[in-house]
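Chains A and B supply the protein sequences, listed in that same order. My numbering applies: residue 1 is where the first sequence begins, and numbers increase by one. My numbering applies: residue 1001 is where the second sequence begins, and numbers increase by one.
Source of the hints: derived by calculation from the structure; they are not laboratory data. The structure presented is a predicted model; accordingly, all values stated were derived computationally and were not measured. Ideal Cβ positions, reconstructed from N, Cα and C, are used throughout, including at glycine. Check before you lean on any hint, since a few could be wrong.
[Unchecked claim] Negatives, chain B to chain A, calculated, CB over 12 Å:
#	residue
1	Lys1054
2	Glu1081
3	Ala1233
4	Pro1249
5	Thr1272
6	Thr1335
7	Ile1461
8	Thr1482
[Claimed, not checked] For lysine-lysine, the following BS3-like pairs were computed, each having C-alpha atoms within a straight-line distance of at most 27 Å:
#	chain 1	residue 1	chain 2	residue 2
9	B	Lys1036	A	Lys283
10	A	Lys350	B	Lys1161
11	B	Lys1182	A	Lys182
12	A	Lys178	B	Lys1165
13	B	Lys1182	A	Lys294
14	B	Lys1165	A	Lys283
15	A	Lys493	A	Lys398
16	B	Lys1178	A	Lys294
17	A	Lys350	B	Lys1165
18	B	Lys1294	A	Lys36
19	A	Lys100	A	Lys225
20	B	Lys1013	A	Lys178
21	A	Lys165	B	Lys1039
22	A	Lys378	A	Lys398
23	A	Lys38	B	Lys1013
24	B	Lys1010	A	Lys350
25	A	Lys350	B	Lys1013
26	A	Lys270	B	Lys1038
27	A	Lys161	A	Lys10
28	A	Lys294	A	Lys270
29	B	Lys1270	A	Lys13
30	A	Lys165	A	Lys185
31	A	Lys350	B	Lys1185
32	A	Lys100	B	Lys1350
33	B	Lys1178	A	Lys39
34	B	Lys1010	B	Lys1161
There are 2 protein chains.
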Amino acid sequence: MFETAELGHKIDKEAFAAELPALRTALLDAQFELLKSKKFQVILLIGGVDGAGKGETVHALSEWLDPRHIEVHGVGAPTDEDCARPDMWRFWRVLPPRGKIGIFFGSWYTAPIVGRVLETETQAAFDQHLESINRFERMLADEGALVLKFWFHLSKKAQKKRLEKLEDDPRTRWRVTKQDWKNFKKYDHFKEVSARALRETNMAHAPWIVVEGQDERYRSLTVGKTILAALQARLATQGPATAPSAPAPVPAVDHINILDQVDLTEKTDKATYEARLEEAQGKLSTLLRRPEFKSRSLILAFEGWDAAGKGGAIRRVTAALDPRSYEITAVAAPTEEERLQPYLWRFWRKLPGHGRVGIFDRTWYGRVMVERVEGFCKETDWLRAYSEINDFEEQLVKSGAIVCKFFLHLSAEEQLRRFEERQGSDFKRFKITDEDWRNREKWPQYVQSVCDLVDRTSTEIAPWTLVSAEDKYTGRLQVLETIAKRLQQALGK
Amino acid sequence: MFETAELGHKIDKEAFAAELPALRTALLDAQFELLKSKKFQVILLIGGVDGAGKGETVHALSEWLDPRHIEVHGVGAPTDEDCARPDMWRFWRVLPPRGKIGIFFGSWYTAPIVGRVLETETQAAFDQHLESINRFERMLADEGALVLKFWFHLSKKAQKKRLEKLEDDPRTRWRVTKQDWKNFKKYDHFKEVSARALRETNMAHAPWIVVEGQDERYRSLTVGKTILAALQARLATQGPATAPSAPAPVPAVDHINILDQVDLTEKTDKATYEARLEEAQGKLSTLLRRPEFKSRSLILAFEGWDAAGKGGAIRRVTAALDPRSYEITAVAAPTEEERLQPYLWRFWRKLPGHGRVGIFDRTWYGRVMVERVEGFCKETDWLRAYSEINDFEEQLVKSGAIVCKFFLHLSAEEQLRRFEERQGSDFKRFKITDEDWRNREKWPQYVQSVCDLVDRTSTEIAPWTLVSAEDKYTGRLQVLETIAKRLQQALGK
């Protein structure tokens, strides 16, 4: 991996001076075209050996490009807001929007590589970590981002010389710390671990570019030209190269589907409802006050037919919660800022921290339901969404979240009855729109989309609950009691 | 203040049941109209005596209104991201956008009242705190927000009874903590302090509504009706009642203006420039690495004529910085989310934390320059902006920020020369737009706006530096050396 970066590459002053002006003009042109078109975002990762010129290269890029449309992020200690959410959240929250360039100086590779070098992470955990990075970068690339990963390399001898040289000069002495020399002792191990990381994550859609770090002119020219070529190539195409799509799901050939298995005849009488509701709410409220919940979070995802009672169920849940402890996100059309980001971004920004409850009234599953059925995204896009969503939920669960997903089911006849009732009611007439009537016409397509999402995203860590909502009391109890049960399991006796 | 809230107000069950349905329908209607029109946001503060039904009232509101468009915020311990910024930042960042309702359960009153009761805040500091709250709420109201502040009161006897009753019931016992009884011992002092707070901040544009907390039906009906009346009244009008505007500034009658005092004949030769630049950059870089800077931040605000060299000056600054330590905000047209907030919001969200540098290429002064000159906002709006901006900068400075503001000045002739040069250059042609040419025609109006902003916002804590930018070298040095000097003064020898 690193052999060609120990050859002593060099560019002399004249050659550099001859190439630079044209490169800068072309880079600026490309950046400006990117900014105007907002076609995609550029994500540059900068990693590698200490002293190999990472900082200098970022400096050069900020000088050559228009720095107002570049965001440079260092990886410092996570803040307490970072710590209360999935590991990747600190990166999710600062992803550049389409049109901009984000430079990550240190990145999602830093923690696993350092962890493995210091042996706080096992080999198996390390490999899993890399695999989840691969999936994340695949998603970024599929969402259109241009991802380029630069690794600055120095041979052991060269690194030693470089550190000594920095130390000798009084103007640069401050840059060499004791930690740098400590790290140097681990050079071989670091090289081995990073070689493995690079090999496992070197993908066509997110390639590693290893750059020999010894000669400043060589390395900055290499980086500049690489970025320029990639930018120009992507600006000239329509979008990301779409991978061949997974085969589209086929409706069950025997016409048995999971939604039909939901027993819609269940009924609950008022007295039973009230007694069980109070009990479930009491349980929920007690569980959420348990000290164990302070390092967990609760994520409630609600989907379902229009008028199936999502709102009513959510109110019965919130009635049991401290009003300061939750946030309800009602999913509407994405805002301008959200449209410039991957589709999951608008959910990332709404994730509850530890000790809190995030309620989503419609969710990230819109991608594989309404966007699929209405053709708002391409088939390849919703087909890849299933595994992207599974990855996302895995991250949530790893960060301590308890994820409950509900689909509220009722019959088309009951829906019609409720629509008509709503139109006659003062309280509820605002809840019904022309779109609701139009959606009814696509009932079978939506049924298919629900069956597919249960198939593909009802995981052991974040299972779907299909709620029998034909009878409102029955539906609400199922929701409340499921949440209480899941919480109880998660927090222990 | 509290006398009428100790009268034993009460609503019986029948009267309540008779009133409630109509109130709920009307509240929902008003909320829906608000949501559709996005005319303003509603900010509800909930404060008062423990056990007076604050939580229950917020619960009732979440039940009566559509909870998906309400955001409830509690005031817990500030996160480390909060602590690195102005005290008010934690509220700024969660202000509801126009169309939504934000409920602050505990609010910007909590810290000063608690501080005063525990005597960690002096009387003078307390009064200053209230005064700055007044100015903040004035700004919110002027920006169109509907601000209603509810104070839930209980007489001392009633509070004691209430706490005892909660403790007697096993289902509510958990709600009474030792801290509540400790607080109860301070009842009289708390009452006195809060009476003063309420008196000093009871404004027509942000009134306090004191509610007797003893009877649940009385208090929730009072709150519901108050909100409804205020909502309906505001929905029926065009906008906030605009206060009579301050008199517009008058051009100096002797035609002497501050910009003319800037010596545009200064010149720096290349050798001097390079030597002084390197020295200033070195100083800057050393100062920012000082441990004292870890609890400070640096905010650089750049304004100036088109082509005066803001970009060039910024590059010379960033060349001295760690690329991970700063963020440049290039002010463009506000996004959809930003347009639903007070005009300062888009700057609030970009404030650097401690140890960091925030660079603004064009700033919050747009309000009193381009928006004023082009008529993008009303005269009353830009006239009030001067003091709002002074308040904002005071908050920045209080939080540890060092605020440097630059206006880069040049002559109209030199600007023309640069425009023409830019149009001929590969590198720079993208920098010049039709708008730049149009702005030139309004030179005198812009001169007036600059003179006025120096008059009104060049404060001892955040002074303006008028930069002689006719000669680029001279201008850049002045910027760099001013920053280094201000930093040196702030961090000490």
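Verification of the hints:
{"no.": "1", "hint": "Lys1054", "in the structure": "10 Å, violated"}
{"no.": "2", "hint": "Glu1081", "in the structure": "5 Å, violated"}
{"no.": "3", "hint": "Ala1233", "in the structure": "21 Å, holds"}
{"no.": "4", "hint": "Pro1249", "in the structure": "31 Å, holds"}
{"no.": "5", "hint": "Thr1272", "in the structure": "20 Å, holds"}
{"no.": "6", "hint": "Thr1335", "in the structure": "5 Å, violated"}
{"no.": "7", "hint": "Ile1461", "in the structure": "27 Å, holds"}
{"no.": "8", "hint": "Thr1482", "in the structure": "20 Å, holds"}
{"no.": "9", "hint": "B:Lys1036 / A:Lys283", "in the structure": "37 Å, violated"}
{"no.": "10", "hint": "A:Lys350 / B:Lys1161", "in the structure": "41 Å, violated"}
{"no.": "11", "hint": "B:Lys1182 / A:Lys182", "in the structure": "53 Å, violated"}
{"no.": "12", "hint": "A:Lys178 / B:Lys1165", "in the structure": "63 Å, violated"}
{"no.": "13", "hint": "B:Lys1182 / A:Lys294", "in the structure": "25 Å, holds"}
{"no.": "14", "hint": "B:Lys1165 / A:Lys283", "in the structure": "22 Å, holds"}
{"no.": "15", "hint": "A:Lys493 / A:Lys398", "in the structure": "21 Å, holds"}
{"no.": "16", "hint": "B:Lys1178 / A:Lys294", "in the structure": "21 Å, holds"}
{"no.": "17", "hint": "A:Lys350 / B:Lys1165", "in the structure": "38 Å, violated"}
{"no.": "18", "hint": "B:Lys1294 / A:Lys36", "in the structure": "37 Å, violated"}
{"no.": "19", "hint": "A:Lys100 / A:Lys225", "in the structure": "18 Å, holds"}
{"no.": "20", "hint": "B:Lys1013 / A:Lys178", "in the structure": "74 Å, violated"}
{"no.": "21", "hint": "A:Lys165 / B:Lys1039", "in the structure": "63 Å, violated"}
{"no.": "22", "hint": "A:Lys378 / A:Lys398", "in the structure": "30 Å, violated"}
{"no.": "23", "hint": "A:Lys38 / B:Lys1013", "in the structure": "60 Å, violated"}
{"no.": "24", "hint": "B:Lys1010 / A:Lys350", "in the structure": "41 Å, violated"}
{"no.": "25", "hint": "A:Lys350 / B:Lys1013", "in the structure": "40 Å, violated"}
{"no.": "26", "hint": "A:Lys270 / B:Lys1038", "in the structure": "39 Å, violated"}
{"no.": "27", "hint": "A:Lys161 / A:Lys10", "in the structure": "16 Å, holds"}
{"no.": "28", "hint": "A:Lys294 / A:Lys270", "in the structure": "35 Å, violated"}
{"no.": "29", "hint": "B:Lys1270 / A:Lys13", "in the structure": "22 Å, holds"}
{"no.": "30", "hint": "A:Lys165 / A:Lys185", "in the structure": "17 Å, holds"}
{"no.": "31", "hint": "A:Lys350 / B:Lys1185", "in the structure": "40 Å, violated"}
{"no.": "32", "hint": "A:Lys100 / B:Lys1350", "in the structure": "16 Å, holds"}
{"no.": "33", "hint": "B:Lys1178 / A:Lys39", "in the structure": "58 Å, violated"}
{"no.": "34", "hint": "B:Lys1010 / B:Lys1161", "in the structure": "16 Å, holds"}
Checked against the numbered hints above, the structure breaks hints 1, 2, 6, 9, 10, 11, 12, 17, 18, 20, 21, 22, 23, 24, 25, 26, 28, 31, 33 and satisfies the rest.
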